[in-house]
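K.L.:
Take the sequence shown: its letter number 678 is residue 767 in this note's numbering, and every next letter is one higher.
Source of the hints: derived by calculation from the structure; they are not laboratory data.
Quick reminder that beta carbons are idealized off the backbone N, C-alpha and C, glycines included.
Some hints here could point you the wrong way.
[Claimed, not checked] Label pairs and their computed distance ranges (CB to CB):
(1) Ala-382 - Glu-269: 37 to 47 Å
(2) Glu-791 - Asp-733: 35 to 45 Å
(3) Arg-636 - Glu-512: 54 to 64 Å
[Stated by the list, open to error] Straight-line Cα separation of at most 27 Å, DSS-like style, residue types lysine-lysine; simulated pairs:
(4) Lys-712 - Lys-752
(5) Lys-710 - Lys-672
(6) Lys-393 - Lys-407
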Amino acid sequence: MSNPPLDPENESAGDPQSNPPQSNGSDKVSFFAELKRRKVFRVAITYAVVAWLIIQIASATFGWFDIPAWAFRFVTIMLLMGFPIAVIITWAFELTPSGLKLTKNLNEDERAKATVAHEKKRNWTALSFAAGLPTLIFGTLAFYFYFQNPEPNELPGTVVPRFEVSSKSIAVLPFANMSEDPEASSFFADGVHEDLLTNLAYVSELSVSSRTSVMAYRETTKSIRQIGEELGVGNLLEGSVRRAGNRVRVTAQLIDAKTDEHIWAQSYDRNLEDIFAIQSELAKAITDALRIALTDQETDNLEKRPTSNLAAYDLVLKHRELVKRDGNTPDRQTESISLLQRAVTLDPDFAEAWAELAAVYAQSYFWYYERSSERLDQATQAIEHAKRLAPDNLNVIAFSGDYYYYGFRDYAKASNSYERVLEAAPNHVGALASVGFIRRREGQWAESIRWHRRVLEIDPRNVTVLTGLQTTYRTMRHFDEAIEMAETLYALDPSNLLNEFLLTLYLGARDGTWQPLEEFTKRYENLDARTVRELNWALQPLYVRDRDWDRVRELLEHNDYESPTSLKNRLAVVYRELGEEEKAREMLEENIATLRNRLDEKPQDLIVLMDLARGLAFSGKDKEAQETIEELKAQFRLIEDAHDGNLWRYEEAIMLAWTGRKKESIAALRELTQYPWVDGSALFVSIDLALMPLWEEPEFIEFCNDESAWAPLPIE
Numbered sequence: 090m091s092n093p094p095l096d097p098e099n100e101s102a103g104d105p106q107s108n109p110p111q112s113n114g115s116d117k118v119s120f121f122a123e124l125k126r127r128k129v130f131r132v133a134i135t136y137a138v139v140a141w142l143i144i145q146i147a148s149a150t151f152g153w154f155d156i157p158a159w160a161f162r163f164v165t166i167m168l169l170m171g172f173p174i175a176v177i178i179t180w181a182f183e184l185t186p187s188g189l190k191l192t193k194n195l196n197e198d199e200r201a202k203a204t205v206a207h208e209k210k211r212n213w214t215a216l217s218f219a220a221g222l223p224t225l226i227f228g229t230l231a232f233y234f235y236f237q238n239p240e241p242n243e244l245p246g247t248v249v250p251r252f253e254v255s256s257k258s259i260a261v262l263p264f265a266n267m268s269e270d271p272e273a274s275s276f277f278a279d280g281v282h283e284d285l286l287t288n289l290a291y292v293s294e295l296s297v298s299s300r301t302s303v304m305a306y307r308e309t310t311k312s313i314r315q316i317g318e319e320l321g322v323g324n325l326l327e328g329s330v331r332r333a334g335n336r337v338r339v340t341a342q343l344i345d346a347k348t349d350e351h352i353w354a355q356s357y358d359r360n361l362e363d364i365f366a367i368q369s370e371l372a373k374a375i376t377d378a379l380r381i382a383l384t385d386q387e388t389d390n391l392e393k394r395p396t397s398n399l400a401a402y403d404l405v406l407k408h409r410e411l412v413k414r415d416g417n418t419p420d421r422q423t424e425s426i427s428l429l430q431r432a433v434t435l436d437p438d439f440a441e442a443w444a445e446l447a448a449v450y451a452q453s454y455f456w457y458y459e460r461s462s463e464r465l466d467q468a469t470q471a472i473e474h475a476k477r478l479a480p481d482n483l484n485v486i487a488f489s490g491d492y493y494y495y496g497f498r499d500y501a502k503a504s505n506s507y508e509r510v511l512e513a514a515p516n517h518v519g520a521l522a523s524v525g526f527i528r529r530r531e532g533q534w535a536e537s538i539r540w541h542r543r544v545l546e547i548d549p550r551n552v553t554v555l556t557g558l559q560t561t562y563r564t565m566r567h568f569d570e571a572i573e574m575a576e577t578l579y580a581l582d583p584s585n586l587l588n589e590f591l592l593t594l595y596l597g598a599r600d601g602t603w604q605p606l607e608e609f610t611k612r613y614e615n616l617d618a619r620t621v622r623e624l625n626w627a628l629q630p631l632y633v634r635d636r637d638w639d640r641v642r643e644l645l646e647h648n649d650y651e652s653p654t655s656l657k658n659r660l661a662v663v664y665r666e667l668g669e670e671e672k673a674r675e676m677l678e679e680n681i682a683t684l685r686n687r688l689d690e691k692p693q694d695l696i697v698l699m700d701l702a703r704g705l706a707f708s709g710k711d712k713e714a715q716e717t718i719e720e721l722k723a724q725f726r727l728i729e730d731a732h733d734g735n736l737w738r739y740e741e742a743i744m745l746a747w748t749g750r751k752k753e754s755i756a757a758l759r760e761l762t763q764y765p766w767v768d769g770s771a772l773f774v775s776i777d778l779a780l781m782p783l784w785e786e787p788e789f790i791e792f793c794n795d796e797s798a799w800a801p802l803p804i805e
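Starting from the given sequences, assemble the full structure and let the hints guide the process.
P.N.:
This is the structure in structure tokens:
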């Protein structure tokens, strides 16, 4: 039999045994001819072209659909991995009239027919395969994200607020710290970022996302479009700060969040003493780029230098860094006061530092860290000095609001200060939020919600306001709305166990069932609650319900989430249930002595009074417990606070329960449900250790199961 017809593109092809290679040169010719015959080159070229097109499409479209950055990298890697696979398959297989077969398994007749098939198909099979494989990779991933996923950044069952995006809205992302010693100068980069945020917030036409919201995007891999949509802004500012000796370099670029187009970019390389001029020029360049006409007052505000002493400025920035890092603690307050005192010593004319110092003094008084008339005198002297130096400075006016709010609970004067800020800057998130919190303390619940909802229109991921709304709805027992806020917070930070626990708490409170908490406990009970602070607190209710006193004791003994004196009171109750009566007695006596000493130092400290009243009641010191409750009631009546002002009623019910007046205690609890009450949930009142004497009382059980007693309060 003669050899089969030769492929015109592969004239050396034939029976390998009847036409053995004669030399290395002919071997190379035969190999390349075989590559051409099997269409390997065409498949490789087609695959490369199609893959390149797909990468371009993915790069241009993924951001529009909020597909995460890892998906683009995944597509690129898969396309690269698919290339050698496509080439190998093309080499290894032949298309024959009877289907696809391994080339090495074909006889001469089948190989001839395969060659003819190649010709008849005019290479469409090879080209279709080369184009189809990368398209399949891309299409599968695109289908998953476009059609299968929930809305971006919304977990199933969660709500992320969405509002119309204004073209005159901006989020200033955290500035990258490019300094030679990043750790030592991180406070400076963050300070420049925060000051720019503050300057922009005082521009009346501009809506600016809060620092709390944008800090979540430090070192993010999310696309510009995705960040813009999540924050509800039309524009983003990215930047970096490099500090070296007495030189500073600030680089910034303004980007349209919808189109990802760069609107403006600029670098400033100056002496360090020009940092305030840089901030001013940056703010004015941004407003110019967004076509916002500044008023004369706004221009003056931007051009003012807060201080001429850079060392004093550094100290203020270090204080602010401390606040962000450590939150609100006694040690942090002490260190902040020291930093700000040093700042005003270096520059006695630094008005904003004086005002901020006054606010910190007032906060230390409000939170009972230093509850003394001397502390209030210090706050008053500081704020009055600041006002003399700069009576029209908006930062000074804003800190005046904090001074009245925290130092004196003078909500009228505090509100007046914040509203003065809003006259100049109607979209100032901090002032809007503060007025909302004041309205809540005044008992204007609907107004409080309205002010806070306004904040979310500007800054939909403002955790402070979302948490505030959550607490407002919880206090009024509107658990559907509390769940909405809790779901949003959980969607923003699913790794935060406290967010998940609060969502669980509200679901159970609304439906009157332990099931959500049972499921939560089952998920996390194998974690070490001694090292997970939020988990320690969250696991206690179910163990108390089940009277699992050994586990409750273990949690309480390793709890650093609550105040030590409050913990010792409750731990003593648990020791009694475990039969350790002497240990319980000694703990209560020691705790009472500690609390009395503190009360001598801080006679108006409501937290100390509450803990002392409980300790005395738990110890059977009925008369002293009653006297302490009377003092507590008198102190609470002085503060006239609709949000916290009814807490004494719960403490009185606890005292009555432990002093044998159980019917009076239950009556007091029933009366309390008619008032706003942050912990007003039948589910958790029924297992509160402080109400243990009532647990077996039929009237108490009936009260906890009485739905009408726990109905939502009207929001007016």
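K.L.:
Next step is simple, just say for each hint if it's right about the structure.
P.N.:
How the hints compare with the structure:
no., hint, verdict
1, Ala-382 - Glu-269: 37 to 47 Å, "holds (40 Å)"
2, Glu-791 - Asp-733: 35 to 45 Å, "violated (29 Å)"
3, Arg-636 - Glu-512: 54 to 64 Å, "holds (58 Å)"
4, Lys-712 - Lys-752, "holds (18 Å)"
5, Lys-710 - Lys-672, "holds (17 Å)"
6, Lys-393 - Lys-407, "holds (21 Å)"
Checked against the numbered hints given earlier, this structure breaks only hint 2.
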